[in-house]
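Trainee: Here is what each chain is made of, one letter per residue.
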Amino acid sequence: MTALIGAELLKLRRHSILTLALIGALFPGLITVTMWYRAKAGYFEPTAQTLLMQALLTVMLMEGPAGAAIIGSMLFGREYADRTLPNLLVSGLPRPAWLGAKWVVLALLGLGILVGSWGVTTLVTLVLVGPDAMPWRMALASLAAHAVGALALYATSAIPVALTLGSRNPMLGASWAVVMAVTAFMGIDSRYNSVLPSTAPTLAAQLALEALEPSVVGSGSALASQVTWIGLPVGWTVALACAAVWVAGFVYSLAYVRRADFA
Amino acid sequence: MNHRSTAVEARPVIEARAVTKRYGRRPVLHDVTLTVRQGDIYGFLGRNGAGKTTTIRILLGLVHPTTGEAWVLGHRVGAASPAWLRRVGVVLEHPGFYPNLTAYENLALHARMLGLPIGKPDPIERALATVDLLPLARRLVRGFSQGERQRLALARALLHEPEVLVLDEPTNGLDPYAIRDVRELLRRLNRERGVTIFVSSHILAEVQRLCTRIGIIHEGRVAEEIELTRLHQLSRRYLELEVTDAPRTAWLLEHRFGITDYQVVEGGVVRIFDAPDPALVHERPEVISEALVHGGVGVRRLAYGQDSLEQHFIRLTGGATGGPSETDDRTRGLVYHDGAHRR
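Respectively, the protein sequence lines represent chains A and B. Residues in the first sequence are numbered from 967 upward in steps of one, following this note's numbering. Residues in the second sequence are numbered from 5 upward in steps of one, following this note's numbering.
Don't take each hint at face value.
Said to hold, decoys possible - In silico negatives: residues of chain A with every beta carbon more than 10 Å from chain B: (1) Lys1006; (2) Met1137; (3) Thr1149; (4) Ala1177.
To be verified - Computed Cβ-Cβ distance ranges for the label pairs, DEER-style: (5) Arg143(B) with Thr968(A): 25 to 31 Å; (6) Leu1077(A) with Arg130(B): 34 to 40 Å; (7) Pro180(B) with Ala1210(A): 54 to 60 Å.
Unchecked claim - Derived coverage of chain B by chain A (criterion: at least 3 residues anywhere in the stretch with Cβ under 8 Å from a Cβ of chain A; other residues may be distant): (8) 59-70; (9) 88-95; (10) 105-119.
Keep in mind that the hints were calculated from the coordinates and are not lab data. Values in this document were obtained by computation on a predicted structure and should not be read as measured data. Think of the CB as a built atom: it goes at the ideal place given N, C-alpha and C, for glycine as much as any other residue.
Just chain A, same shape as in the assembly (with noise of 0.2 Å):
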């Protein structure tokens, strides 16, 4: 498994999935920058803990189920569209452990982005705040907070990955994104949030927030007031559908590269 594991991530070697993941970890910098000057001009206090808050949101409810859903889908459907995949499956491999692989390359990259994400708004807010104002505590707790939302977005990339293998084309999981980011904007109204799939990873990354840094509730974000009544039966609600919904992209996966004809 070692081995395939290093021959799949061998081959995103000079690959553009590498640069969308940069951007992709680097974004929520740049948001810190822009909610800072928005802070400034007085839309709401600019503390290290709602510039923190506003990344993980703008990550979790905006960037992230667009960027799981192009990076799944590019990642297993380039091995249509560079013709690979009937050559991986006349060598020979075990195909669930290919695709095994395959799914542990994605997490990796998927949890590079987040972690790298944390990083750099966490470096971009201790700029702009001064290490004596930055609250080491909840930055350490929003860390947990993007490790938890990654797993959730993670597994909802089982959508976009089980539509490119089915389709053949990278295109129709990428279009997913599309999906995700409509309803992301309308996440933002708070009526909706709790019931679109783009807004559980928002829920987990909350969820686990709440938990390690009770102090962060009732600091701006639209979610965080809902966090205090929906309460953990909906965390635990959130992680099952979670899993549920990567068991069954990783089972139409595996039944589909067995069972597919690839003529």
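Add chain B to chain A, keeping to what the hints say.
Mentor: Chain B alone, transformed into the frame defined by chain A:
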């Protein structure tokens, strides 16, 4: 060599048994049965769209047959573990590579997935050198020509020193020198390492030069499987006449000599394969020539010829020997069936 002992020694390595494939209502393969024995260089010959690639993909487990079974190296294709595929080297039609990686990296990736040890001597460099690609080892595959990609595919197929090679049109896009090199390489692998080779092609001359056994597929059916040596034995000698009036010649052949096993080819050429008195065709052609001249037909040329694989193939697949529409309808019934002439 004793035929019986050959049959005992050469075990089947690749077998298709009554394989049928349909896509929806469209049939692609009908009852395909073929056997490739150990040590064979088996040429799978057919026109474009005849079903070669579908058959190969069924043998490799990429396409599931509608009915029938395929066996490779004693394993039923489609059964749970594809581990037997590690003993097979494959070149698919339009081979795929990762364009962002170099030739070396593409093979390294394959080696890593198969768990091949990379030591000294480096098997990747050796495989690249085998197909004369070592100078391009560090170049990105994105910039490779079709011929270079084809050679790289061959290097990938050879990397793990397989027992069996399955090659789908491996000389696509290669120049004549490269085609000759590939042919020599395959012969050497077969001779020195006993590699069994299954190679599909629509290039008759290539198959004739390389293969020891030939399977001809036409419109999704295996029309014939034949040893090349047997084919040479069966290749029919004929008397070829270039005449001024082909229809009159046909009439004279039938009414004067009772000859019906002949063929009218374009440009006033008539080929006589056999006659009720075979000596007339094969020993005393001047008798026919004189009769034609007395019958008012000018004879410009008279020569002997022999069926090539091309003619055999065209006859089997229902095409015209001397051009698409010039063959006399009477010759259409002259097909080989089960390796024997039907007259």
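Trainee: Sort out which numbered hints this structure fails and list those numbers smallest first.
Mentor: none
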